[in-house]
Structure formats: structure tokens, C-alpha cells
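From first to last, the protein sequence lines stand for chains A and B. Yeah, the first sequence ends on 540 if you go by this note's numbering, and it's all consecutive. Yeah, the second sequence ends on 540 if you go by this note's numbering, and it's all consecutive.
One or more hints might be untrue.
If chains are identical, the list can't say which one is meant, so a pair holds when it fits in one copy or spans any two.
When the alpha-carbon atoms are kept at most 35 Å apart in a straight line, the in silico DSBU-like pairs for lysine-lysine are as follows [said to hold, decoys possible]:
#1 Lys486 with Lys386
#2 Lys381 with Lys308
#3 Lys102 with Lys381
#4 Lys467 with Lys94
#5 Lys386 with Lys101
#6 Lys308 with Lys73
#7 Lys256 with Lys522
#8 Lys504 with Lys381
#9 Lys213 with Lys386
#10 Lys73 with Lys381
#11 Lys381 with Lys101
#12 Lys63 with Lys381
#13 Lys335 with Lys75
#14 Lys149 with Lys335
#15 Lys213 with Lys94
#16 Lys94 with Lys534
#17 Lys534 with Lys504
What the hints contain is simulated information worked out from the structure, not anything from laboratory work.
Protein chains: 2
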Amino acid sequence: MTENAVFSQNKVLTIDTMNPKVKNVEYAVRGPIVQRAVQIEKELREGVKKPFTEVIKANIGDAHAMGQQPITFFRQVLALCSYPELLKDNMFPEDAKSRARRILQACGGSSLGAYSASQGIDCVRQDVARYIERRDGGVPCDPDNVYLTTGASDGIVTMLKLLVCGEGASKTGVMISIPQYPLYSAALAELGAVQVNYYLNEEKCWSMDLSELERSLAEARKHCNPKVLCIINPGNPTGQVQSRQCIEDVIRFAAKEHLFLMADEVYQDNVYAEGCQFHSFKKVLFELGPQYSNTVELASFHSTSKCYMGECGFRGGYMEVINMDPEVKDQLTKLVSVRLCPPVPGQALMDLVVNSPQPGEPSYTTFMKERTATLRLLAEKAKLTEEILNTVPGITCNPVQGAMYSFPNISLPQKAIKEAKALGQAPDMFYCMKMLEETGICLVPGSGFGQKDGTYHFRMTILPPTDKLKILLAKVKEFHQKFTQQYS
Amino acid sequence: MTENAVFSQNKVLTIDTMNPKVKNVEYAVRGPIVQRAVQIEKELREGVKKPFTEVIKANIGDAHAMGQQPITFFRQVLALCSYPELLKDNMFPEDAKSRARRILQACGGSSLGAYSASQGIDCVRQDVARYIERRDGGVPCDPDNVYLTTGASDGIVTMLKLLVCGEGASKTGVMISIPQYPLYSAALAELGAVQVNYYLNEEKCWSMDLSELERSLAEARKHCNPKVLCIINPGNPTGQVQSRQCIEDVIRFAAKEHLFLMADEVYQDNVYAEGCQFHSFKKVLFELGPQYSNTVELASFHSTSKCYMGECGFRGGYMEVINMDPEVKDQLTKLVSVRLCPPVPGQALMDLVVNSPQPGEPSYTTFMKERTATLRLLAEKAKLTEEILNTVPGITCNPVQGAMYSFPNISLPQKAIKEAKALGQAPDMFYCMKMLEETGICLVPGSGFGQKDGTYHFRMTILPPTDKLKILLAKVKEFHQKFTQQYS
Ligand SMILES: Cc1ncc(COP(=O)(O)O)c(C=O)c1O
Ligand SMILES: Cc1ncc(COP(=O)(O)O)c(C=O)c1O
Numbered sequence: 053m054t055e056n057a058v059f060s061q062n063k064v065l066t067i068d069t070m071n072p073k074v075k076n077v078e079y080a081v082r083g084p085i086v087q088r089a090v091q092i093e094k095e096l097r098e099g100v101k102k103p104f105t106e107v108i109k110a111n112i113g114d115a116h117a118m119g120q121q122p123i124t125f126f127r128q129v130l131a132l133c134s135y136p137e138l139l140k141d142n143m144f145p146e147d148a149k150s151r152a153r154r155i156l157q158a159c160g161g162s163s164l165g166a167y168s169a170s171q172g173i174d175c176v177r178q179d180v181a182r183y184i185e186r187r188d189g190g191v192p193c194d195p196d197n198v199y200l201t202t203g204a205s206d207g208i209v210t211m212l213k214l215l216v217c218g219e220g221a222s223k224t225g226v227m228i229s230i231p232q233y234p235l236y237s238a239a240l241a242e243l244g245a246v247q248v249n250y251y252l253n254e255e256k257c258w259s260m261d262l263s264e265l266e267r268s269l270a271e272a273r274k275h276c277n278p279k280v281l282c283i284i285n286p287g288n289p290t291g292q293v294q295s296r297q298c299i300e301d302v303i304r305f306a307a308k309e310h311l312f313l314m315a316d317e318v319y320q321d322n323v324y325a326e327g328c329q330f331h332s333f334k335k336v337l338f339e340l341g342p343q344y345s346n347t348v349e350l351a352s353f354h355s356t357s358k359c360y361m362g363e364c365g366f367r368g369g370y371m372e373v374i375n376m377d378p379e380v381k382d383q384l385t386k387l388v389s390v391r392l393c394p395p396v397p398g399q400a401l402m403d404l405v406v407n408s409p410q411p412g413e414p415s416y417t418t419f420m421k422e423r424t425a426t427l428r429l430l431a432e433k434a435k436l437t438e439e440i441l442n443t444v445p446g447i448t449c450n451p452v453q454g455a456m457y458s459f460p461n462i463s464l465p466q467k468a469i470k471e472a473k474a475l476g477q478a479p480d481m482f483y484c485m486k487m488l489e490e491t492g493i494c495l496v497p498g499s500g501f502g503q504k505d506g507t508y509h510f511r512m513t514i515l516p517p518t519d520k521l522k523i524l525l526a527k528v529k530e531f532h533q534k535f536t537q538q539y540s
Numbered sequence: 053m054t055e056n057a058v059f060s061q062n063k064v065l066t067i068d069t070m071n072p073k074v075k076n077v078e079y080a081v082r083g084p085i086v087q088r089a090v091q092i093e094k095e096l097r098e099g100v101k102k103p104f105t106e107v108i109k110a111n112i113g114d115a116h117a118m119g120q121q122p123i124t125f126f127r128q129v130l131a132l133c134s135y136p137e138l139l140k141d142n143m144f145p146e147d148a149k150s151r152a153r154r155i156l157q158a159c160g161g162s163s164l165g166a167y168s169a170s171q172g173i174d175c176v177r178q179d180v181a182r183y184i185e186r187r188d189g190g191v192p193c194d195p196d197n198v199y200l201t202t203g204a205s206d207g208i209v210t211m212l213k214l215l216v217c218g219e220g221a222s223k224t225g226v227m228i229s230i231p232q233y234p235l236y237s238a239a240l241a242e243l244g245a246v247q248v249n250y251y252l253n254e255e256k257c258w259s260m261d262l263s264e265l266e267r268s269l270a271e272a273r274k275h276c277n278p279k280v281l282c283i284i285n286p287g288n289p290t291g292q293v294q295s296r297q298c299i300e301d302v303i304r305f306a307a308k309e310h311l312f313l314m315a316d317e318v319y320q321d322n323v324y325a326e327g328c329q330f331h332s333f334k335k336v337l338f339e340l341g342p343q344y345s346n347t348v349e350l351a352s353f354h355s356t357s358k359c360y361m362g363e364c365g366f367r368g369g370y371m372e373v374i375n376m377d378p379e380v381k382d383q384l385t386k387l388v389s390v391r392l393c394p395p396v397p398g399q400a401l402m403d404l405v406v407n408s409p410q411p412g413e414p415s416y417t418t419f420m421k422e423r424t425a426t427l428r429l430l431a432e433k434a435k436l437t438e439e440i441l442n443t444v445p446g447i448t449c450n451p452v453q454g455a456m457y458s459f460p461n462i463s464l465p466q467k468a469i470k471e472a473k474a475l476g477q478a479p480d481m482f483y484c485m486k487m488l489e490e491t492g493i494c495l496v497p498g499s500g501f502g503q504k505d506g507t508y509h510f511r512m513t514i515l516p517p518t519d520k521l522k523i524l525l526a527k528v529k530e531f532h533q534k535f536t537q538q539y540s
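Produce the complete structure using the sequences and hints provided.
Structural data, given as C-alpha cells:
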């Protein structure tokens with residue numbers, strides 16, 4: 053101990069001398085529970101006996117890891133771009149080849165291995181712009197407002213970097229939903245911004261209440277300078293799809309209160325519930341008329357990681373900025389140039405997503421079949437998850453209207469809460485950790501996303517294959533009943 | 053004007069309200085001169101008449117963009133990994149297939165589309181560790197100390213993030229060479245750290261002088277807390293290869309002065325000059341004995357972007373951390389988890405670089421032929437560049453011992469300097485801008501990298517194909533003579 057202490061004192065970089073902002077960062081989706089899951093997997097491989105034979109990971113929105121198959125067309129084009137010799141072969145459909153040729157032509161030296169422009173390959177940004185226009189019923193999109201990114205994560209952090217400044221009472225406040233995707237709280241901690249919480253309404257299926265936004269903002273104005281309002285729609289971890297009315301209210305609120313809007317729309321194709329529909333913030337903004345569409349500043353984010361693609365590993369994404377001050381845009385362009393460029397294979401993939409096979413092209417039928425099947429299966433699993441969880445006494449689960457997660461409310465016995473607190477653990481962390489040790493199921497406790505004081509949740513993805521999902525849900529049910537009994 | 057001013061005042065995010073640290077960022081490699089080059093290219097396409105027919109870009113170390121061909125084996129494996137159906141085909145060599153299978157097995161769901169562990173895929177980190185051990189003559193490397201990154205840029209910025217903190221006189225100072233690769237100054241500006249300059253010795257072929265390090269450190273200690281010493285070897289923009297003695301001196305200096313070392317070794321295979329050899333900081337550190345190897349903290353960086361690969365677009369890279377405090381390492385692991393993971397295709401590529409075809413494997417001969425040819429060509433072009441530049445009166449060029457750049461000293465007539473200053477431009481920016489407008493050649497002015505006051509340089513890559521490089525050098529020569537005459 054003493055030796056260690058001396059040794060550590062000798063270091064330049066220690067826990068005491070390091071950047072304290074980094075110390076404040078938390079990221080639950082890959083936190084202690086996931087680290088323990090990795091350990092348990094190792095123990096299982098080494099033959100350690102457990103009450104289960106495999107760890108089932110329902111902690112992260114990683115579709116391919118859960119067995120979802122990639123879209124054939126996308127991978128064919130990526131293979132062609134990686135090794136253009138294949139263009140000479142007859143094994144690939146013509147539309148895959150022509151897409152690959154088009155992408156390669158737009159790359160320096162016709163190679164995925166060249167740096168692209170920092171903002172992203174020109175023709176990809178043009179394709180993104182056309183995609184946005186189609187999606188939004190013709191609302192115009194200028195490719196100059198599109199920035200390709202290293203996953204949506206990169207875009208979100210970059211925008212926050214531009215926005216956050218000041219000290220003390222003039223420090224930038226950033227409004228985020230609670231529960232939230234912890235990238236936001238982590239980025240705010242790192243940047244030293246003030247995290248301003250607004251609570252989603254669990255009783256009304258995790259919708260946004262205007263009165264809650266007003267409360268949160270008024271509160272924040274007492275001690276910081278709130279400038280930004282972040283929305284995730286469809287929601288992670290909460291799986292709601294915001295109504296058009298709600299989005300309209302939020303935009304009016306932002307306009308009135310002079311807030312910069314950040315709309316995280318990475319789940320834009322993941323809408324399952326009847327009566328629900330995805331409305332982009334951009335489209336609603338323009339429908340509100342020039343008074344809004346000419347003034348409200350908006351950045352919206354998309355990604356190759358979610359929807360029917362699930363291509364997380366490629367780190368593709370884009371953001372669109374609207375009504376951004378031209379001088380600031382120059383600064384943004386400069387800032388992204390420091391990292392040189394987003395990964396070019398990810399840019400190519402993003403291009404395929406926004407420029408997928410069209411009717412009449414040889415790959416169209418297969419593409420549509422694969423896309424539809426994936427989305428249908430996700431819809432089924434969303435329903436299944438909600439239904440089974442709601443059969444468990446003490447678990448209440450809102451409909452999974454969209455995205456890839458359920459975020460059920462769990463009632464925990466007083467005794468369990470006390471024991472957890474004695475251990476210095478959040479009660480739902482205690483619960484999830486016990487579940488992991490006893491069943492091999494890896495979930496993320498609600499405390500990792502934020503929740504109303506005194507309520508407890510876990511986040512579970514709907515991604516495991518249906519048969520595994522059923523086993524998982526049955527195990528969760530059994531565990532919850534046992535746990536409740538044990539601590540009653 | 054007035055209207056615009058009002059409009060801009062109405063915005064949330066303006067040049068006045070944005071993060072001032074971002075405003076301070078500069079990045080010359082993609083700065084105004086490159087933006088003008090892109091514009092000129094567009095003008096040429098639109099038929100605007102110019103005294104040249106194409107822009108030759110010698111501003112960025114982007115080998116594929118300059119026509120360098122990718123390594124066949126690497127691209128075969130990447131194609132196989134992207135579209136595993138190809139594994140059934142007979143067109144690929146067996147070793148490419150087995151490499152692809154091994155990488156896919158290490159991916160979630162056997163797909164490049166799954167997120168990897170945030171630190172990088174386990175088996176890739178193991179391969180990196182074995183590569184480092186071979187490179188360094190058996191010095192042990194623990195895969196737990198290896199972090200895969202999104203290009204070396206990402207690793208460098210991440211390490212700086214951990215290290216930089218404090219305010220006023222206790223603000224972290226980071227020593228960087230002048231001239232430097234502007235990623236460093238940009239990252240320091242963004243983090244609000246103090247940039248502490250030490251000058252490379254141009255007279256001694258851009259070597260590092262101990263006395264200069266001492267001067268720089270003593271100076272810095274008067275106003276900040278210098279904690280970090282960054283070295284780029286082989287050097288960018290200066291093309292020097294540090295001697296073993298020099299590296300030893302630097303390590304002893306860091307140990308004595310309690311500095312954290314960051315060694316940017318992305319050009320480790322790019323050594324051309326006779327008598328020069330690449331020595332990794334890690335190896336020299338261990339050769340100095342346990343007194344050093346057990347205490348000096350070191351992070352070193354590598355990338356898929358340079359060397360014989362030139363695969364910039366894939367954004368692959370790794371860093372190795374040595375003697376890092378275990379608690380800080382946990383913080384580092386947490387920090388990288390926020391961005392989820394480096395691009396998986398880039399990780400796969402990094403794996404191939406550190407685990408290339410071996411003697412006896414079917415792809416070995418071709419691989420070696422391609423690798424050797426690329427490096428030999430670079431060596432020839434390094435020599436050619438140095439020789440031709442030194443024939444120009446008023447241009448003095450150190451040998452390009454390694455990396456991919458020459459950084460010649462240019463003497464500028466007083467009249468030109470005066471005219472530049474009247475325009476508020478750095479004189480070498482004025483010079484390079486004129487060269488671009490008159491010849492179509494895109495170079496980066498020395499002021500973008502830093503240089504001794506009153507000296508002027510430009511950075512020119514050695515990457516254009518030999519015939520183009522010759523034309524380029526002839527044009528530079530002609531331009532310099534004309535420019536000198538014009539302003540004399
Ligand atoms: C709401 C939300 N935003 C952003 C991201 C980041 O995704 P990526 O960086 O892979 O695009 C995620 C990932 O799960 C997410 O759920
Ligand atoms: C010295 C040095 N370090 C780091 C980098 C970053 O390279 P990358 O992020 O592509 O790996 C470069 C790129 O030119 C460089 O020259």
C-alpha cells in the first residue's frame with residue numbers, strides 16, 4: 053500500500069492531477085455492470101460454474117452483435133469500394149457496381165484510403181441533402197449545411213463544443229431530457245457545461261410537457277445561461293415517439309425562449325406503434341412558417357448505427373445545421389478539419405443509406421425485403437417486450453413506440469433499497485447487478501440515464517433474437533419475483 | 053449590413069457567443085490556402101482561364117489521393133470482412149480468407165457493423181502488442197496498455213484531454229516542437245492549455261537540442277505548469293529522423309524534469325536517409341534500464357494513415373500507454389467509452405498492418421513487393437525534392453530523412469515582406485497564395501506550423517507521382533525566381 057502510494061505520487065499523471073472534468077464523466081451504457089458482464093463471460097469460458105451458461109447482453113443498441121444481418125446491397129458496395137478489382141467480376145449486381153464507381157470517383161485517388169474533405173465527401177453530402185428533402189416532403193436542404201460525422205456521437209459532441217462557454221452564472225446551460233442517453237451528460241461534464249434536466253412524463257408515455265420545460269428553464273436561469281435544448285426522438289432509453297403537436301410546442305418554446313435546438317433523430321426509421329409517425333424537427337419547423345424557419349437555430353443528427361441498418365461499427369453519420377450564423381459555420385468547418393475527416397467507409401455507407409436501391413434497379417427487391425423484414429421483426433419484439441414485462445407484478449412498461457429499448461418502472465422493496473444504500477449503490481444498480489450474477493442477463497440500471505427521485509427502472513434493448521428475447525423476458529420475470537420475495 | 057447585424061444579434065450562437073477556445077483553434081493544413089485551392093479547382097472546371105490547367109496539391113500527407121496504390125492483401129481482407137459471402141469464392145488467397153475469418157470472429161455477431169469494445173477489439177490489441185514487441189527487439193508489451201483509436205489524431209487529443217487542467221499559473225503547459233504538426237496547437241487551443249514552444253535546430257537538420265528544451269521549460273515554469281513533452285519522430289513538417297542519442301537525452305530530460313512523454317511515431321516506417329534508423333521511444337526507454345522504464349510515463353501513437361499503407365480514410369490507429377497510473381487508466385477507458393468505439397474497418401486494417409503476411413503464406417511475396425516498391429519510391433522522391441529545391445537560389449532544404457515532407461527555408465525580399473504585412477498576411481502565406489494563383493501549386497506556409505521569427509518556409513509533401521513532382525519542383529523553382537525578381 054505505502055509503496056504503491058509513493059509510486060503513484062511520483063507520477064506526473066494521477067487521479068489527483070488529471071483533468072477533473074474527465075473525472076466527472078459517467079457513461080452507464082458501458083459502465084461497471086457491463087465490465088462485470090465481460091468478466092463473467094471470461095469466467096464462463098474458463099469453466100467457472102454459474103447458474104447460467106451464457107451472458108445475454110441487452111445493454112446496448114448494437115443490432116449486429118445481436119444477430120441482425122447487414123443489408124446485402126450495402127455490404128456488396130462496401131466490398132467493391134474496398135477492393136475495386138471486384139468491379140471486373142460478374143458476381144455483383146450492376147447497381148451495386150455503379151454505386152461503388154460513383155463513390156470511388158468522389159474519393160481522392162479513387163480510394164477509400166484517401167482523406168476526404170473534412171465536412172465529408174461532396175457527393176455524399178448532396179445525396180444526404182436530397183434524402184432530407186424527400187423525407188421532409190420537399191423542404192429544401194442545402195448540402196453546405198450537411199456535415200458528415202464519425203457516428204452521431206461525434207456530431208453531437210462537436211455541436212456542444214461550439215455552444216458551451218462561460219463561467220459561473222454565465223456558464224452555458226444545456227437542457228436535456230431525463231431519462232437521457234448518457235452521451236449527453238458525459239459530453240456536458242467533459243465540457244464543463246451546466247446540465248439542465250427536464251423530466252419526461254412517464255405517465256403520458258414519456259412525452260414532453262411544456263410546463264416541465266418552463267419549470268426547468270426558469271430554475272436554470274437562476275444559476276446559469278441556458279442556451280440549448282436537446283431532444284431525442286424517437287427516444288433512448290424511453291422508446292417514445294413524440295407527436296407532431298409536441299414537436300411544434302417545443303419549437304415554439306425554443307423560439308420564444310431563444311434556445312438552440314439539437315434534435316437527435318438517429319432512430320427515425322424505428323417507429324413501431326400504431327398511430328405513431330416520425331416527424332423531423334426540420335419539417336415541422338418549416339411548416340410553422342418563415343417566422344420560425346428563418347430564425348430558429350437547429351442541428352439535427354442521424355447515423356448509420358440504428359434504424360434497419362444497425363451498422364454501428366462503421367461510425368457513419370451526418371448532421372444538418374439550420375439557420376446557423378455564417379461566421380459560426382466557418383468556425384465549425386475549421387473545427388472539424390482538425391480531426392481531418394470522418395471514416396470514409398462510414399461516409400460511403402451513409403451514402404448508401406440515403407441513396408438506397410430504387411424501384412427498377414436489380415437490388416431493389418432484395419433490399420426492400422431485407423429492410424422490411426428487419427423493421428417488422430423489431431416491431432414484433434417491441435410489442436413482445438412490452439407485453440411480457442407488463443405481466444410481471446411490480447414492473448410497469450410503457451409501450452415501446454419506437455427506437456430499440458424498453459425502460460420499465462420497477463418497484464423495489466424497501467429492504468432492497470436499504471441494502472443497496474448501505475453498499476453505496478443506486479438501488480437499481482444493486483438490482484441489475486444481482487440479476488446479472490444470478491441469470492447472466494446484462495441490463496443497464498435506470499440511474500445511468502437519470503430518473504425521477506424515488507423511481508427505479510432498467511433499460512433493456514429489444515434486439516436479441518426472438519427466441520432469446522423470450523428466454524430473457526422469462527428470466528427477468530422470474531428474477532423480479534424472486535428478488536421481490538427475498539427482500540419483502 | 054445593418055440588416056445582417058440585426059439578424060446576427062438575434063441568433064443564439066454567434067461568433068461573439070460561441071466557445072472562445074474553438075475560435076482560437078487554427079489548422080493550417082486545411083486552412084485558407086487549401087480553401088482557395090478548392091475554389092480554383094471549381095473555377096477551372098467552370099472554364100475560368102488560368103495560367104495552369106490543374107491544381108497540384110502538395111499540402112497534405114494523403115498518399116492515395118496522390119495516386120499511391122493500396123496494398124492488395126489489405127484490401128482483399130477488408131472486402132472479405134465487408135461481404136463475407138466472398139469467403140465462399142475461390143478468387144481470394146487462403147491467407148486473406150483466414151485473416152478475414154479471424155477478424156470477423158472477434159467482432160460482435162461476426163460483423164464489422166457491431167460496436168467493438170471501446171478500447172478496441174481484443175485480438176487486434178493482442179496483435180498490436182506482439183508487433184510492438186517484435187519492433188522493439190522483445191521489450192514486452194501488455195495488450196491492456198494498447199488502445200485502438202480513430203486515427204492517431206484521436207489518440208493524441210484523448211491523451212491531451214486527460215492531461216490538461218488548471219487555471220492561471222497552474223494551467224498545464226504542453227511542450228511542442230516548433231515547427232509542429234498543427235493538430236497539437238489546435239488541440240491545445242481547444243483545451244485551453246498553454247502551448248510551450250521548443251525550437252528544432254534547423255542548422256543541425258531539425259534536431260532537438262537539450263539546451264533549447266531546458267530554455268523552453270525554464271521560461272514556461274514562470275507562468276504555467278509544464279507537464280507534457282510532445283515529440284514527433286520522424287518529423288512532420290520537418291522530415292528529420294531523431295538519432296538514438298537524441299531520444300535518450302529527451303527521455304533523461306523528461307525523467308529529471310518530471311514530464312509526461314507523448315511520442316508521435318506515425319511515420320515509423322518512413323525512414324529514407326542513409327545512416328538514419330527509426331528508434332521507438334519505448335525501446336530506448338527500456339534500454340535505459342528499470343530506473344527509467346519503471347517510472348517514465350509515455351504514450352506513443354501509430355496510425356494506418358502513413359508509412360507504406362497511406363490508408364488515411366479508414367481512420368485506424370493505436371496508442372500504447374506506459375507506466376500509466378492504474379486509476380488514470382480506468383479514467384481513460386471510461387473516457388473512450390463515451391464515443392463507443394473506433395471505426396471497426398479501421399481496426400481491422402490496423403490489425404493487418406501489425407500482422408501482415410508472413411514468409412510462406414501465399415500473399416507474402418506480393419505484399420513485400422508492394423511494400424518495398426512504395427517505400428523505395430518515397431525514398432527516391434525525398435531525395436529528388438531535396439536536390440532540386442537546393443538548386444534554387446534563396447531556397448535551402450534540409451535532407452528529407454523521413455516522413456513525407458520537405459520544409460525548406462525561403463528567403464523573401466524585404467519588399468515582399470512589407471507588402472504582405474500591409475495586407476495583414478504572414479509573408480510566407482503571401483508567397484504561397486501567390487504561388488497558388490500563378491502556378492496552381494498548393495503548399496502550406498511555414499507560419500502554419502510555427503518557425504523562428506524572421507524565417508520563412510513552406511511545407512511540401514513528397515507524395516505526387518514522380519513525373520508530377522518534377523513538374524511541381526520546376527514550377528516552384530521558376531516561381532521563386534520570378535517572385536524574388538519581382539520584389540527586389
Ligand atoms: C439517442 C442516441 N444518439 C446517438 C447515439 C450515438 O450513436 P452513433 O455514434 O453510433 O451514431 C446513440 C447510440 O446508441 C443513441 O441512442
Ligand atoms: C505527425 C502526425 N501525427 C498525427 C497525424 C494524424 O494522422 P491520422 O489521424 O490520420 O492517423 C498526422 C497526419 O498527418 C501527422 O503528420
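Hints versus structure:
no., hint, in the structure
1, Lys486 with Lys386, "between (48 Å within a copy, 23 Å between copies)"
2, Lys381 with Lys308, "within (23 Å within a copy, 45 Å between copies)"
3, Lys102 with Lys381, "between (55 Å within a copy, 30 Å between copies)"
4, Lys467 with Lys94, "within (32 Å within a copy, 71 Å between copies)"
5, Lys386 with Lys101, "between (55 Å within a copy, 29 Å between copies)"
6, Lys308 with Lys73, "both (32 Å within a copy, 29 Å between copies)"
7, Lys256 with Lys522, "within (27 Å within a copy, 71 Å between copies)"
8, Lys504 with Lys381, "between (37 Å within a copy, 32 Å between copies)"
9, Lys213 with Lys386, "both (13 Å within a copy, 19 Å between copies)"
10, Lys73 with Lys381, "both (27 Å within a copy, 15 Å between copies)"
11, Lys381 with Lys101, "between (57 Å within a copy, 30 Å between copies)"
12, Lys63 with Lys381, "between (41 Å within a copy, 13 Å between copies)"
13, Lys335 with Lys75, "between (39 Å within a copy, 31 Å between copies)"
14, Lys149 with Lys335, "within (33 Å within a copy, 47 Å between copies)"
15, Lys213 with Lys94, "between (38 Å within a copy, 31 Å between copies)"
16, Lys94 with Lys534, "within (27 Å within a copy, 69 Å between copies)"
17, Lys534 with Lys504, "within (25 Å within a copy, 73 Å between copies)"
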